[in-house]
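Protein chains in written order, with the UniProt record's numbering: chain A, 1 to 378; chain B, 1 to 378.
Worth flagging that the hints you see were computed from the coordinates, not collected in a lab.
Keep in mind that this is a model prediction, so the values were computed, not measured.
Note that CB positions come from ideal geometry on N, CA and C, so glycine has one too.
Some clues are possibly wrong.
[Stated by the list, open to error] Counterexamples of contact, computed for chain B against chain A with all Cβ distances above 12 angstroms:
1. Q33
2. D37
3. F51
4. K79
5. P144
6. T158
7. E191
8. M194
9. S236
10. L247
11. G306
12. E313
13. V352
14. E353
[Claimed, not checked] Covered stretches of chain B, going by a simulated chain A footprint (3 or more residues, C-beta under 8 angstroms):
15. 55–64
16. 70–78
17. 83–92
18. 99–111
19. 127–139
20. 210–218
21. 270–276
[As the list claims (entries may be wrong)] Restraint ranges, calculated between C-beta atoms of paired labels, are given here:
22. M1(B) - L247(A): 44 to 52 angstroms
23. G101(A) - D246(B): 30 to 38 angstroms
24. R40(B) - R222(A): 53 to 61 angstroms
25. R32(B) - G346(A): 30 to 38 angstroms
26. E19(B) - E19(A): 36 to 44 angstroms
27. G101(B) - L247(A): 33 to 41 angstroms
Here's the letter readout for the chains.
Protein chains: 2
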Amino acid sequence: MTTNTYIHGIGMTKFGTHEDRTLKDLLLDASRQALEDAGRPKVDAVFVGNFLAGSMSNQEILGAIVANDLGLGFVPTAKVEGACASGGIALRQAVLAVMSGEHDTVLVAGVEKMKHAKTAEVTQAINAAMDTDSSEKSAGLTFPGFFGVLANRYFHETGASKKHLAMVALKNRENAMNNPLAQFSKATSLEEIMNARMITEPLGLFDCSPMTDGAAALVISRKPSGIHIKASSLVSGPTQMQDASDLLSIPAIGESGRRAYEKAGLGPEDIDVVEIHDCFSMTEMIAIEELGFFPRLEGWKAVEKGLTKANGEKPVNTSGGLLSRGHPIGATGVAQIYQLVRQLRGDAANQVEGARIALAQNLGGTGSYSAVHILERV
Amino acid sequence: MTTNTYIHGIGMTKFGTHEDRTLKDLLLDASRQALEDAGRPKVDAVFVGNFLAGSMSNQEILGAIVANDLGLGFVPTAKVEGACASGGIALRQAVLAVMSGEHDTVLVAGVEKMKHAKTAEVTQAINAAMDTDSSEKSAGLTFPGFFGVLANRYFHETGASKKHLAMVALKNRENAMNNPLAQFSKATSLEEIMNARMITEPLGLFDCSPMTDGAAALVISRKPSGIHIKASSLVSGPTQMQDASDLLSIPAIGESGRRAYEKAGLGPEDIDVVEIHDCFSMTEMIAIEELGFFPRLEGWKAVEKGLTKANGEKPVNTSGGLLSRGHPIGATGVAQIYQLVRQLRGDAANQVEGARIALAQNLGGTGSYSAVHILERV
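Kindly produce the complete structure, drawing on both the sequences and the hints.
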């Protein structure tokens, strides 16, 4: 079924490096912006998406901190975790809270602070999104390693090459250059991307999302507004690579898309603008296929034709995506909605003319979670 | 309003030290028991309460792990965190998920594994339940320190003494001796408790809940069963000691109780059996007052009269409580419900004759969260 929830306000900090600001400072900043944008409504509950604050900042109880520091009173709050999908899952819980009839207006925020730590520490912390009891994790599999294997297999099965991944990265960088909140605004070239330092064969530096500090927030309500949350879906999928029946499918993405389309009574052809979880360039390639925008194993052809550019027939990641807008993990799923609301309001970076229906897809782990939200301008 | 949810199954591992079992093993064990007890229903969603697995076991994505390893398919799952209230909050999210109409049957699990780490590491990890930006945390305040201050103030304001706290600890140990799943089953005496090693003045070793490994799980459903979740409430409160207007009140406990009573259409006098969050003996003392079982600043008199014993007029922590059943943080709120369901079914450790209405109260931080659930045998 569709939801009875609407988006009333959005907020977002700049994504990037915030040496002088704490996790809490970022979280409260985005939350205050969203509340201001919504006209300072009475808030009935708070959900915060976050992945690493416990292990990397010795800071949990983020829900209570928001309620306390913003003076919201005795409202129910919680932190929600589902690896890189934490933000999308937090929105999903907020939607359920409104649908339950217990709450009218809910604040959703996502936050992460990663740049204060060494890369090796972050890599270790992020590996909490793998199953510790599995042989894969103990054997040294990392997330770049996983998506690198998929990319090699994709090249083997299709006519795609490293150039097509570079075209994804270049498109997202070009989009980010118009987004003042994005982490990266420096121009680059296909050549620079293809020759960049190798991270894990065949993925180079530009094929991998960066470490990022940042926060984003939303206010949703049962009270109608101009933007309806037409569908909210969340699914869990295999937590281990060895459970995958097909290396070129991430089943959670496809299933979350099908469920969302069914709830919304829409299909992929109806979507005007998309934010996809491009943690790696290869992930965007698979996701545009899983979500039905392009046929299986043919996403690379669409990329080659420029169909996913902001002015293409299916604009993907007009924000710059995880690759160039940045990926403060718990904030990412919320920031996707921020960009789509701007699109539906008509004042986005890389505005898609007349955008009316928008889809966000947020991935956790190697396919352990996928959350999809479909928004409609009403 | 009341809820339309019922409890169909319960499961719990022994609480204590599980050197040879992983976090996942404990989590799946309790979950399988609950599913078996519920008659192996189709599960539509999973919520896992957990606090420390990211920082202490490098393991997140617990929701997806449960779905994957139990073969539940593409069900939505999430981990929920609210410090020591994580388990109660997970149940609350499951109740909202059923009330939303999106899900019929939901698995709720809570888990923690702490005994593999050194005490100092655990203390550090647990301090994530304080506000890192506050001067209190950087000044060295810990949880025993916080509750120690409250105890000293309580002694100052009332006629209570260390003996009354010891009586709480002794009662809970005596209850635990009849609970085969409890961490501690060794008999003790008031004298031993009062002379035990000091942790923080005036709280000795027996006044403080232990480090514990363990897991608990529940299956709830819209389909009626013999046990109705009559009320579910969750509130956030002050996250810092300096925000407390009164050292002898933990406002979140009182407010969560009042909201639950209102939803249930009941009062404290209607409750037959109680599980309270006795992270310290002093916390139980305050909670029995905040929940309206005894007048403010007079809980110690009730304890002295034995009114909170299993055969008293208001039996509290018949499981042994956090102090003696043990406190595997994320599991605690779920284990409270486990004990109360056993009470309502009539086969509990320290069975209260004819128990029909039960209340669980689960605290997070120094009062950052309090969740209350009221169950009724129908």
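Index of numbered hints that the structure contradicts, given in increasing order:
When the structure is compared with the hints, numbers 3, 4, 9, 20, 21, 24, 25 turn out to be violated.
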